[in-house]
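Chains as they are written, first to last, in the working numbering: chain A, 1 to 457; chain B, 1001 to 1630.
If you are wondering where the hints come from, they were derived from the structure by calculation, not from laboratory data.
It should be emphasised that the depicted structure is a prediction, and the values quoted were computed from it without experimental measurement.
Just so you know, even glycine gets a beta-carbon here, dropped at the ideal spot from N, CA and C.
Among the hints, erroneous ones may be present.
[Stated by the list, open to error] Here are the computed lysine to any residue pairs in the SDA-like style, where the Cα-Cα straight-line distance is at most 20 angstroms:
| no. | chain 1 | residue 1 | chain 2 | residue 2 |
| --- | --- | --- | --- | --- |
| 1 | B | LYS1085 | A | ASP3 |
| 2 | B | LYS1542 | B | GLY1086 |
| 3 | B | LYS1559 | A | GLN431 |
[What the hints assert, rightly or not] The following label-pair restraints were derived from C-beta to C-beta distances:
| no. | chain 1 | residue 1 | chain 2 | residue 2 | range |
| --- | --- | --- | --- | --- | --- |
| 4 | A | ILE169 | B | ALA1172 | 35 to 43 angstroms |
| 5 | B | PHE1569 | A | GLY414 | 27 to 35 angstroms |
| 6 | B | GLY1573 | A | ALA38 | 37 to 45 angstroms |
| 7 | B | SER1003 | A | ASP401 | 58 to 66 angstroms |
| 8 | B | SER1111 | A | GLY414 | 49 to 57 angstroms |
| 9 | A | ALA323 | B | THR1515 | 49 to 57 angstroms |
| 10 | B | ARG1480 | A | PRO313 | 34 to 42 angstroms |
| 11 | A | PHE181 | B | VAL1463 | 55 to 63 angstroms |
| 12 | B | PRO1502 | A | LEU322 | 39 to 47 angstroms |
| 13 | A | PHE181 | B | GLU1464 | 34 to 42 angstroms |
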Amino acid sequence: MSDTIAAIVTPAGEGGVGLLRISGPEALALARGLFHPAEAVVSFAPSPWRVYFGEIRDPAGGTLVDEVLLTFYKAPKSFTAEDVVEIAAHGGMYITSRILDLIVGAGARLAEPGEFTRRAFQNGRIDLSQAEAVAGVIAAQSERALMASLDQLKGRLSARLNDQYERLIAVIAQLEASIDFPEEGLKFQKSEALKNDIDGVAGEMDALIESYRQGKIISEGARVAIVGKPNAGKSSLLNALLAEDRAIVTPHPGTTRDLIEERVRIRDIHIRIIDSAGLRKHPEVIEEEGIERTRAALAGADLALMLFDASQPLDENDELLLAEAAGKKKLVVLNKCDLPERLDTAALLGRLAGEEPVRISAREQTNLGALVDAIHDRVLGGEAREPLLLTRARHREQLVDARQALSRAGDSLGQGLSEEFIALDVDAAAQCLGRILGKVYSEDLLDEIFNEFCIGK
Amino acid sequence: MISYDVIVIGGGHAGCEAALAAARMGCRTALVTLDLDKVALMPCNPAIGGVGKGHIVREIDALGGEMAKCIDRTGIQFRVLNASKGPAVRGSRAQADKHLYKQEMRRVLESQPGLDLLQEEADELVIEDRCIRGVVTAGGRELKAGAVVITTGTFLNGVVHVGLTHRPAGRADEKPSTRLSRSFLAAGFRVGRLKTGTPPRLLAGSIDFSRCQVQAGDALPKPFSFATERIDRPQVPCHLTATTEQTRRVIQDNLHLSPLYSGVIESIGPRYCPSIEDKVVKFPDKVSHNIFLEPEGLSTDWIYPNGISTSLAEEVQRQVVRSIPGLEEARIVQPGYAVEYDFVPPTQLHPTLETKLVAGLFHAGQINGTSGYEEAAGQGLMSGINAALKVQKRPPLVLTRMEGYIGVLIDDLVTKGTEEPYRMFTSRAEYRLILREDNADQRLMVRGHALGLVSDEAHARCVEKYRSVEREIGRLKATRVLPSPGDLERLSTMGIMELRSPTTLEGLLKRPEVTYDRLAQAFNGDCAVQELVAEQVEIQVKYDGFIARQNQMVARQKKLEGVVIPPDFVYAGVPGLSREVVQKLEEVRPATLGQAARISGVTPSAVALLMVLIEGRRPAADGERQAARA
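Take these sequences, add in the hints, and give me the full structure.
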């Protein structure tokens, strides 16, 4: 059918078991060259869908690489509907990478991102809507994200979009009838009524687009950047949150030179915490890159934890921080509250209108519970208002396009342009919804979907 | 035995265009028709054009067809519909003197070199090895032909209904073609059945027009043909009246005498051109429906009451008519009727209108399930062109949906088929804003010229027109307008009292309240361009943004249209395609992925799957995979 591909299908660096998948006509032959079953046989000919225990040995020299479990899935009853061999090895990047190298060395091609799924799709194992939902399930990293994926699977989002779609079609029907039947003496809706219909759908789209932001945070996690001047206690805070000693904590300013990203789970959402190099007004040359990264981290962050040292007065580095974080969604954290307060808190807060600070001591681990609560609330923007979550980037893009088209339709209506111009944009909006709903083919559908799969999945 | 290159069977609007096109392209052509007095007859509405339909007529003209010229010479009331809307949806419509129209068309046919007019009935198709060889007439004469175009209208197994009585007939009092119908079945075509209808005709002298509203044509009649300079014929008015509560009661009380509502007629009629009994049943709350009283000609007393198509019993028709203001004393000179007829579902056609089953056999007009003279003529023209191209062994001409309404029409027919008589609407054209009546010449004249259907002179005029348009737009863009006393004074003559920042003449013309005429008057009366050039300049400048967006849509769609599906592609057995989808694809056998996507029931994921299979888009080892798959 096609060439033989291979990849590690478990996420990098996690878990005690690493799974490798080989798919294609040569899958079994390749595996045979590397796998030595524990039960001595003359020629290894596995029954399909059975698990075999054995060893992977380097064909050059015969050294033992790992003890593994091997399963052969015979076409077409496999993930890709091709011959598939899956090898469960001991986890860790080194061992699994080593085995993958051997497989590729034996003649397999490294799979491209999403290629197994693409093959499954091409071979008729799954249709496109299933493929998209599968991608959502795969990417789900917590129960809440899983709920959102399942919700979409059951079509609740579809039902909402379908309702919007039909309302737009009804608007189009009005417009078209007035164009194509000018002599029928039909009475058409006044432009205000049309505007109300269009605005109604547009408002619902806005709410869904906003829910995407929340949805993205639930399925992909939120990026929270810890920023603050050198020695404000960023690394201590990170460590306190992780309860794990990853960053080096020293009293010397500027020791954290690289961005450190860690994942913590706060209730039902994943948070990626980015610890940055200290922002300093006159950095040593070596730190420039770190500061650049800080700025990058801030730019991509859903929330900035702005860390101030409550035991020091506001200085020029704090000023720099305030300037960098202007316009960001932020949470003000006053650290070192176990020490005598020398920061002019009132003045600081005066410049951060409406911000409610959280007072902690990272070193003493005081008030961390309140900080965690505040992060959670701030990241989600309070309780999730939209029970239906838009979680796929492709869907959001189409909705944003649809929303813009409706704005243009509203403009045309306002300018008193005739029906065909309004219909053009209302139709464009309906087409966007149609692409999400699978009513309309969109040429970039394939690329977008398959690109969303992580490697090997 | 007589031998022709192209034989056209049927002398209606499709047949006339087909025969003229083939003959003009140098084919020895015969038009076989039952009655030469009835070529280009208007058996229903005595009018040409309308919204969407007018677009087709303009395109026929740009391609070198006859309909536009003929109506320009015989029209008695010209009106642009939707005149208050944008240029893309304005539709030209003209009342025809229906007798003059068919006389004029007959004159054109008779004076066409290379065209024989044969008053005979065609009985049988001669088919060998799935290729057309000719036709046999009722008199037993065999006519050989390289290609045959069938444009038989409602004559295939036609049955006319008035009340509960019915008789075999092609139109009011004409005999149908039943043997030819059998010939189609014998050839293996799937045949369906449709219905259409027409109102009773009234005697003008018996109508009290003083009780009706006068509806005049446009003060300056706008011709259909790009070649017509002006309309000279005197124009006459139509009249407007409406049905009443009494009309509704008469119909409701007599529905049992309607063949539609007593179960006699089961075939499907046009939803958008319903009979008066349909309107009453389906819209019971609407008391009054508009009736347009349209003269059938200058030399006839017959009036066509547009809006009361009916197949009720004759006596009931009389009561219906007399319930309408102005028609209290009206006399019916021909009762309304419904006609049921066979059609050959058009998914059995290639986009050239050649049948898939029989090479060299083309279908056009109502046989393909359409309704309307304009739709018929557009197909007739394309079938005549493609029949001639086929005989001459030249590549076929298929217009796309991006090029014109004729492209939309034929693509819809061969891709989706039709369940009811198909009528054109502007809403069927997804690129409507660039497919306007005003630019049909720009879109299509080059095609007509390449075929030899449009003269060098007409083509040169078109090229020069659009050069002028481009020059003038260039000048408007280059001419700056400043808040200087001189310019402000010129602006004030247009009612513009202030100018905040410098602009150009083009910028001014984009303003909704500014027309090209007023702009030219105010700024340089000396630089006036021809009226038709001015029209183009104004449209292209004012709707620039919308036109650009439609052009982007066209560019996107062209990618999908460019993916050609191999003609021998086997859909059955492709994993992931449902049986229903496979069946639809096998039936239509789309030429491109774009066409496949338009087939109803073919899902976007099926299109995506086909895209993957056809394009083999994965980057590595492409050739190998294709080979391995095969």
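The hints, checked one at a time:
no.	hint	in the structure
1	LYS1085/B with ASP3/A	59 angstroms, violated
2	LYS1542/B with GLY1086/B	10 angstroms, holds
3	LYS1559/B with GLN431/A	17 angstroms, holds
4	ILE169/A with ALA1172/B: 35 to 43 angstroms	40 angstroms, holds
5	PHE1569/B with GLY414/A: 27 to 35 angstroms	49 angstroms, violated
6	GLY1573/B with ALA38/A: 37 to 45 angstroms	41 angstroms, holds
7	SER1003/B with ASP401/A: 58 to 66 angstroms	59 angstroms, holds
8	SER1111/B with GLY414/A: 49 to 57 angstroms	56 angstroms, holds
9	ALA323/A with THR1515/B: 49 to 57 angstroms	54 angstroms, holds
10	ARG1480/B with PRO313/A: 34 to 42 angstroms	60 angstroms, violated
11	PHE181/A with VAL1463/B: 55 to 63 angstroms	37 angstroms, violated
12	PRO1502/B with LEU322/A: 39 to 47 angstroms	43 angstroms, holds
13	PHE181/A with GLU1464/B: 34 to 42 angstroms	38 angstroms, holds
The structure does not agree with the numbered hints 1, 5, 10 and 11 stated previously, though it agrees with the rest.
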